[in-house]
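Protein chains: 2
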Amino acid sequence: MAIIKKQRIEKLKNKASEMLSRSIDQHINLAVTGLSRSGKTAFITSLVNQLINEGNKSKLSFFDPVHQGNFIAAKRVPQKNYQVARFDYEGGITALTAKQPHWPEPTHGISELRLAIRYQPKSSLLRYATDMATLTVDITDYPGEWLLDLPMLKQTFEQWSDVTLALLKQAPRNSYAQEFLNKIADIDPFAPANEEQIAQLSAEYTQLLHQFRHELGLSVIQPGRFILPGELAGAPILEFFPYAGFDDIDLNRYQNADDTSFIGMLRARFIEYKESVVRKFYQKHFSRFDRQIVLADCLNPLNKGEESFADLELAISMILESYRYGQSGIFSRVFSPRIDKLLFAATKADHVTPEQHAPLVSLLNQLIHQSKHHISFEAIEIKTLAIASVKATSSGFIQHQGKKVPVIQGVTQQKFEQNDDAESSTNKQITLFPGAVPEKLPTQSYWQAQAFNFINFAPTQGLSKHECLPHVRMDQVLQFLLADKMI
Amino acid sequence: MAIIKKQRIEKLKNKASEMLSRSIDQHINLAVTGLSRSGKTAFITSLVNQLINEGNKSKLSFFDPVHQGNFIAAKRVPQKNYQVARFDYEGGITALTAKQPHWPEPTHGISELRLAIRYQPKSSLLRYATDMATLTVDITDYPGEWLLDLPMLKQTFEQWSDVTLALLKQAPRNSYAQEFLNKIADIDPFAPANEEQIAQLSAEYTQLLHQFRHELGLSVIQPGRFILPGELAGAPILEFFPYAGFDDIDLNRYQNADDTSFIGMLRARFIEYKESVVRKFYQKHFSRFDRQIVLADCLNPLNKGEESFADLELAISMILESYRYGQSGIFSRVFSPRIDKLLFAATKADHVTPEQHAPLVSLLNQLIHQSKHHISFEAIEIKTLAIASVKATSSGFIQHQGKKVPVIQGVTQQKFEQNDDAESSTNKQITLFPGAVPEKLPTQSYWQAQAFNFINFAPTQGLSKHECLPHVRMDQVLQFLLADKMI
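Protein chains in written order, with the numbering used here: chain A, 1 to 487; chain B, 1 to 487.
No lab work stands behind these hints, which were simulated from the structure alone.
Just so you know, these numbers come straight off a predicted model, no measurement behind them.
We put the CB at the ideal spot given by N, CA and C, even for glycine.
Keep in mind that the hints are not guaranteed to be accurate.
[As the list claims (entries may be wrong)] Restraint-style ranges between C-beta atoms, simulated for each label pair:
1. 132/A with 307/B: 51 to 61 Å
2. 67/A with 229/B: 40 to 50 Å
3. 155/A with 284/B: 50 to 60 Å
4. 229/B with 132/A: 31 to 41 Å
5. 56/B with 186/A: 29 to 39 Å
6. 80/B with 186/A: 51 to 61 Å
Chain A extracted, bound-state conformation (with noise of 0.2 Å):
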């Protein structure tokens, strides 16, 4: 009898212990992005790796629940949504961490991946309600395309369609464009839509903003869905181009053009476009991220030249764009996103030396600051910092006539080989300084100076799926992302 009662009473505690803790567990969305190539996949790996093998080698003084020893531990557990694809974390570490180690394969499309971290609440009321709380993280992994596809919500076709045509026209586009500009010129805008044409102009486009990607290392790839169709491969929605011959026609006559007419089939596929792409992104998914990562590799474009620096500018502003609220922004206030925090962060610091990474934040500081936006944000704090998911170099000096200069040593990045012989590749070490990063927008001067070369290293070998991976400022990604809410 004693005991049934005990145990009642036990139970009874348990209840209330559970709905108080219930009531304290946090939860955050976190969104992870980037830009030219910058290592999302190894970004997302690192941070998950050094969360669920913390206290294992881990190096995360500057993550103030570990370095005040708050955090207890961090696992991974299902993620809520069905119908998106789960983040392969496996697949991650496994490449990082294989004999011959290579960065993992680049993810396509959207997918997700649920942390759950306990912790110990240290200030404010909670220490008394309870011993553990958890802090749910649900990290989402998106193309930075989609977030570039935004500013098109505010655009009609004619405006996009200017826009367009003018990135089309200028240098790195134009020297791959001309082709079809040409071809959309010669359009006549009020004929009866032919559809074969127009897929296979369409096709056309496609294949420029394809090679923008890969052979000019471009950052404004629009519409973004093009170059990462998924089930919309050869549906009509994908199918249209910007309209060149706006100045020479008549407006009115324009307005009343029906869909079958040329000009009138590719405005309702950029509307189509506008709402069952762009807008449902923004429903299902941007409307609701907490906080949000830009990944930028400011280190290629500066390595392939004044252009591709100032797409990655654009890039950026296009991204705050998203960020601005009220009458001149994309959203209102009232439907604008949740944000609170947003971190831009330059990857692949290691691959620079260290004295370096002060030049590389102050460059990205340059590019965000210089947009006129800044003064819209009071909502939400905005920080940088450059970091290195994985740390892929060891640094140090050597002496050169006389004088100690900083380097770099790490393992050239060889095409992963397929074949058994992989181990036997040409990878080598080298050691190296790869020159300075300019702490402004670079002028006219620094480009025909060309005094950089920054080269791509291979993740070092011997990492260990279960210890955490060498990085630099992963902890500070932490702390300002996380670490508020595990107080």
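Here the structure of chain A is known, so what remains is to put chain B in place on it, guided by the hints.
What follows is chain B alone, placed relative to chain A:
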């Protein structure tokens, strides 16, 4: 002044005629699907080809609008649904009319094509109202597996597991499935779910479905989206499988198991699949279809043997299930699809000698009417036909041991060679009597005799894009599906 007035009257007259014409225009949503690699793509390509080239070597004498001279012309027009892939007619007709003709590549997922058919109304009031009317036909091509998923809507996870496991334990599936069945027998249903293990077992189950489809030539592949995942690739919604131990567990405990338990997670994903994949297909597409044609290759299952044929039987009875309304059907009459005509076509009729067409249709009829469902179809007209979308053989007679024996002649199908020597590949013409088609469901003695040898033929050479393709009974297909809307 007089001219302006005349123009105005003309305009009003046109407008009145247009309004009248619009009101008599007809529209059909025609759905095409298939079982056992039945040649859906060739069928749709031929159907479109017959209509748009009508008059140029066409043989559509059983299609009344052509026979009676009401048919004016047909053309492809842009589809209205921008988010569904366009059916690749150009690719299909190019493959069939190539120098080295080959069957078109099978389609994946759903695609659409819209035809506008101009005709002269002959009867009813219409002939007095206008000279021309238009029948708009929206053709939707979708995988047979999606149709076979519909019965899942009325199953619980327990019921679905029972039915699916019964199939897996029978020949011919059991020869492949034993290892998988052993693995799932070991699952502890109430243990915490291990997502990686569920992902791994789901991958094995999906692999089995591929083998059933491609190695065993089976028709019942469920859940259908597992083998054509599209954008859901890697998503938890495609990661579940039947549970094997329902006889041994406490069903009360099962009902209360939450989503974090092994069985709870399987059940949750099964339910999500039903709601978000199956019901969504039903609502977005299936419920809008007016007419359905189900293509079935009966010859290949006859070749493969008793078990493959039994699977075709099962598939047909599952399909009929979706057209059975009322209490015991899947859909109530209120939410029923609006299909009024359902055509089952046995394809590849040109692969047997002409006197075998009657037994072929008779066999198909038996497959349909042995099912006990036919009593409930009062609202739907069902027809069966033996057809060849694109006729690949010619038929004749040879003298054999003093008797006249019917034969067909065609080019045996070789893998289409990609290299430049394609034309010198080893396709050869053969003449044969492929065997007798049983006109009733085959008996044991039929299977034991194995007196049949159906061979796949390549399309004949020398076909032209701008002429009607040779066919068997495509005119009767058109008569059944379209003619009553062109009166």
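Hints, verified against the model:
no.: 1; hint: 132/A with 307/B: 51 to 61 Å; in the structure: 56 Å, holds
no.: 2; hint: 67/A with 229/B: 40 to 50 Å; in the structure: 44 Å, holds
no.: 3; hint: 155/A with 284/B: 50 to 60 Å; in the structure: 28 Å, violated
no.: 4; hint: 229/B with 132/A: 31 to 41 Å; in the structure: 39 Å, holds
no.: 5; hint: 56/B with 186/A: 29 to 39 Å; in the structure: 31 Å, holds
no.: 6; hint: 80/B with 186/A: 51 to 61 Å; in the structure: 27 Å, violated
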